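> If you want the building blocks of each chain, they are given just below.
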Amino acid sequence: MPIIVNLDVMMAKRKIRSKELAERLGITEANLSILKTGKAKAVRFSTLEALCKELDCQPGDLLAFEND
Amino acid sequence: MKLTFSNTSIFMLRTFQVTISIGLLFGLFVLLFVEDTSTQLTFGPLNLDHGNNIAQMANISITPLDTNMTSPKIVIDHARVNYYVHSYGYRVVGAILFSIAAVIGLYALQQLILMIKSLDNGNPFIRENVWRIYILATVVYLVPVFKLAFYLFNYSWIKSNFVLDGLQLNWKTPESGQWIIFGTLLITIGKIFEQGIKLREENELTV
Numbered sequence: 086m087p088i089i090v091n092l093d094v095m096m097a098k099r100k101i102r103s104k105e106l107a108e109r110l111g112i113t114e115a116n117l118s119i120l121k122t123g124k125a126k127a128v129r130f131s132t133l134e135a136l137c138k139e140l141d142c143q144p145g146d147l148l149a150f151e152n153d
Numbered sequence: 082m083k084l085t086f087s088n089t090s091i092f093m094l095r096t097f098q099v100t101i102s103i104g105l106l107f108g109l110f111v112l113l114f115v116e117d118t119s120t121q122l123t124f125g126p127l128n129l130d131h132g133n134n135i136a137q138m139a140n141i142s143i144t145p146l147d148t149n150m151t152s153p154k155i156v157i158d159h160a161r162v163n164y165y166v167h168s169y170g171y172r173v174v175g176a177i178l179f180s181i182a183a184v185i186g187l188y189a190l191q192q193l194i195l196m197i198k199s200l201d202n203g204n205p206f207i208r209e210n211v212w213r214i215y216i217l218a219t220v221v222y223l224v225p226v227f228k229l230a231f232y233l234f235n236y237s238w239i240k241s242n243f244v245l246d247g248l249q250l251n252w253k254t255p256e257s258g259q260w261i262i263f264g265t266l267l268i269t270i271g272k273i274f275e276q277g278i279k280l281r282e283e284n285e286l287t288v
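Chains A and B, in that order, are what the protein sequence lines are. Mapping of the first sequence onto my numbering: position 5 corresponds to residue 90, and the numbering continues sequentially without gaps. Mapping of the second sequence onto my numbering: position 156 corresponds to residue 237, and the numbering continues sequentially without gaps.
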């Protein structure tokens, strides 16, 4: 998929672990892993909003478009 | 490159081997023990006199060309004459056809059982089940084809082995309408299943 999820980069910058972030977002670690590995087919606005809030970033910092 | 099989593949392979073995055993059983595989020529109707228990059919003769065919048996039953002839060749072909049909039927049954099991496990929306439905549909489509093959064999065997005097051998075509409708219905259910799986996957992969 040409949409790249840079969640792991942002998490490393903020020095936050998956378990902690999942707890703060109110989602399971398994779902966070789906998002991190790029397996997700869709992201809810509510999840994106919570991610931006917790990681103090913009949606563009988490998602990028790369043409194949 | 090292070839590896998953547990599921090995299980499927073994069950398929078992299915083929059971099917062949069925065929062997039919070949050795079931006398009804001897051909049956049915003619009628007869003029029946129920009061005196007499059946009349005039100017008819059935003569086998091969004198090695043993013990022809004539049974008069419900206004029809059943003429049984014991022929080894006929039994062998009958057993082969039956074996193939048994293997395919047992395989379809096994797929149906696996599908019901997945339903019991509470997870029926899996890709394997879509293939199972398509396999069942194919088997359903094959039923009239098999019937046609058997009728064709029967017709040509009677034509080439008997002299029928005063009788007309009618060509019989299998009724295939209900099988085609049932098969198409199964394919439609398979397509609906496929859409359901897509929706479930999208739902599961939405974070």
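Just so you know, the hints here were simulated from the structure itself, not pulled from any lab data. Since we're looking at a predicted model, the values are computed, not measured. Wrong hints could be hidden among the right ones.
[Claimed, not checked] Using C-beta positions, here's what the derived DEER-type ranges look like:
1) 93(A) <-> 258(B): 55 to 61 angstroms
2) 208(B) <-> 131(A): 26 to 32 angstroms
3) 105(A) <-> 263(B): 54 to 60 angstroms
4) 209(B) <-> 144(A): 50 to 56 angstroms
5) 193(B) <-> 122(A): 52 to 58 angstroms
6) 100(A) <-> 283(B): 29 to 35 angstroms
7) 269(B) <-> 131(A): 55 to 61 angstroms
8) 263(B) <-> 115(A): 52 to 58 angstroms
9) 103(A) <-> 204(B): 22 to 28 angstroms
10) 208(B) <-> 93(A): 47 to 53 angstroms
11) 149(A) <-> 273(B): 33 to 39 angstroms
12) 259(B) <-> 93(A): 29 to 35 angstroms
No residue lacks a Cβ here, since even glycine has one placed at the ideal position from N, Cα and C.
> Now tell me, hint by hint, if it's right for this structure.
Going through the hints against the structure:
1. Separation of residue 93(A) from residue 258(B) is about 59 angstroms and conforms to the stated range, judged on CB atoms against 55 to 61 angstroms.
2. At roughly 30 angstroms, the beta-carbon separation of residue 208(B) and residue 131(A) lies within the given 26 to 32 angstroms, and the hint holds.
3. One distance hint, 54 to 60 angstroms for the beta-carbon pair residue 105(A) and residue 263(B), holds here, with the actual separation near 56 angstroms.
4. At roughly 38 angstroms, the beta-carbon separation of residue 209(B) and residue 144(A) lies outside the given 50 to 56 angstroms, and the hint is violated.
5. Between residue 193(B) and residue 122(A) the C-beta distance comes to about 36 angstroms, which lies outside the given range of 52 to 58 angstroms.
6. Distance hint check: the CB atoms of residue 100(A) and residue 283(B) are about 33 angstroms apart, consistent with the given range 29 to 35 angstroms.
7. The given range of 55 to 61 angstroms is broken by residue 269(B) and residue 131(A), whose C-beta atoms sit roughly 37 angstroms from each other.
8. Roughly 41 angstroms separates the CB atoms of residue 263(B) and residue 115(A), a value that falls outside the hinted 52 to 58 angstroms.
9. Residue 103(A) and residue 204(B) have their C-beta atoms about 27 angstroms apart, which keeps the hinted 22 to 28 angstroms range intact.
10. Against the hinted window of 47 to 53 angstroms, the Cβ-Cβ separation of residue 208(B) and residue 93(A) comes to about 29 angstroms, which falls outside the hint.
11. Take residue 149(A) and residue 273(B): their Cβ atoms lie about 37 angstroms apart, and the range 33 to 39 angstroms holds.
12. In this structure the hint that residue 259(B) and residue 93(A) lie 29 to 35 angstroms apart at CB is violated, the actual value being about 58 angstroms.
Violated hints, listed in ascending order, are 4, 5, 7, 8, 10 and 12; each of the other numbered hints is respected by the structure.
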